[in-house]
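Asker: For reference, the chains in residue letters:
Protein chains: 6
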Amino acid sequence: MTEFDTSLPGIRQVQNYIKNKQEVELKLVTDDLLVGKLIWQDANSLCLIDHYSQETIIWRQALVFLKPKA
Amino acid sequence: MTEFDTSLPGIRQVQNYIKNKQEVELKLVTDDLLVGKLIWQDANSLCLIDHYSQETIIWRQALVFLKPKA
Amino acid sequence: MTEFDTSLPGIRQVQNYIKNKQEVELKLVTDDLLVGKLIWQDANSLCLIDHYSQETIIWRQALVFLKPKA
Amino acid sequence: MTEFDTSLPGIRQVQNYIKNKQEVELKLVTDDLLVGKLIWQDANSLCLIDHYSQETIIWRQALVFLKPKA
Amino acid sequence: MTEFDTSLPGIRQVQNYIKNKQEVELKLVTDDLLVGKLIWQDANSLCLIDHYSQETIIWRQALVFLKPKA
Amino acid sequence: MTEFDTSLPGIRQVQNYIKNKQEVELKLVTDDLLVGKLIWQDANSLCLIDHYSQETIIWRQALVFLKPKA
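Protein chains in written order, with my numbering: chain S, 20 to 89; chain L, 20 to 89; chain W, 20 to 89; chain R, 20 to 89; chain G, 20 to 89; chain X, 20 to 89.
Keep in mind that the hints were calculated from the coordinates and are not lab data.
Ideal Cβ positions, reconstructed from N, Cα and C, are used throughout, including at glycine.
Certain hints may be false.
[What the hints assert, rightly or not] Quick list of the computed label-pair ranges, beta carbon to beta carbon: (1) R:H70 to L:L52: 40 to 46 Å; (2) L:S72 to S:K38: 28 to 34 Å; (3) X:E22 to W:R31: 19 to 25 Å.
[What the hints assert, rightly or not] Here's a subset of chain G near chain R, in silico, CB distances under 10 Å, partners left out: (4) E22; (5) G29; (6) I30; (7) I37; (8) N39; (9) K40; (10) T49; (11) G55; (12) W59; (13) D61; (14) Y71; (15) Q73; (16) V83; (17) L85.
[What the hints assert, rightly or not] Cross-link-like lysine to aspartate or glutamate pairs, in silico, DMTMM-like; alpha carbons within 25 Å at most: (18) L:K88 to S:E42; (19) R:K86 to R:D50; (20) X:K86 to S:D50; (21) W:K38 to W:D24; (22) G:K88 to R:D51; (23) L:K38 to L:D69; (24) R:K86 to W:E42; (25) X:K56 to G:D24; (26) L:K86 to S:E44; (27) G:K40 to G:D69; (28) G:K56 to G:E22.
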């Protein structure tokens, strides 16, 4: 579905958010807005950890947008 | 649609939930939230078993997110 | 979009429902829940027959989940 | 997105509806239900003609289900 | 996502609407109905110009149906 | 999912909006309408910067339409 080419700006920006433990907001196709820190990404999915240290796997096909938490 | 590479973190995490009979919550594009234990995954679909031992096949294109039941 | 590999568990489970004339519930992306018996599947679509012997072709991209009718 | 293999049962069934000028109901991802006769299909789209002889091109990615009009 | 084969009937029909400056209605997955004239199409997108000469790029994955304005 | 061929009209038009710092409206599958300036695009995503200099990564699969802000 997507190319997982780690030199792409979008993939690198997500990688920076992971490295910097940046809190982010992630909008999904269901209109859910998840808040937390990304801990890894792979070709199919991302993993977000919330304030309660709970891990959520999010599939890439469900992604709409991502921004640093204001 | 997705690569079914069992070395990917997302695929392995799902495999761990299957092995550990972890109860999970699975959010779908229809906004349905299914609760139960995953019993297998393949390239196209996952199978969830609920409290009444009923098996539901879920297609990957419908997946939004997955987390362990709190 | 999907691999139509008849050795995959998900494809085989659907094939079993067809063979056993199992009544099923099929949830679609539009939130429709169709009830009936599956009579065939191919790489792109499935065919469901309802109580009035009417045949409905359902495209795979619209599939969310499938379970035996309780 | 889909294989346009004219030997597949789903593609052949649509071809039969075209040949027989069968009136059909076509459900789309927007929940629209279009009624009319199919006049052609190709790898990406289908064409429906309604009672006013108006032609509508429908993209395959928007298809949910199809059945003969009752 | 789609084959951009200019010999396909659907692609040719869109090309005719462009050539003839036919006013069209374009239904999108968000349920928006855009009205205007198509000015070009490529493998990923179409461009529509409205009554105020404003150009809108529409991505193919968002297309549902297209018909000539009645 | 899409071809990222920089000679395609749609990709070039987006590139022009980036170069000209054109303010745009971007409609997404969730029905969100984002307003701002595009700062880059790659094969999978686009990046929009808003009035508060906040960067939002938008995945291509979520794009519906784009137009210059009126």
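Asker: Where does the structure disagree with the numbered hints, that is, which hint numbers, in rising order?
Answerer: Numbers 2, 3, 7, 8, 9, 11, 12, 13, 14, 15 and 25 - these are the hints that the structure violates, sorted from lowest upward.
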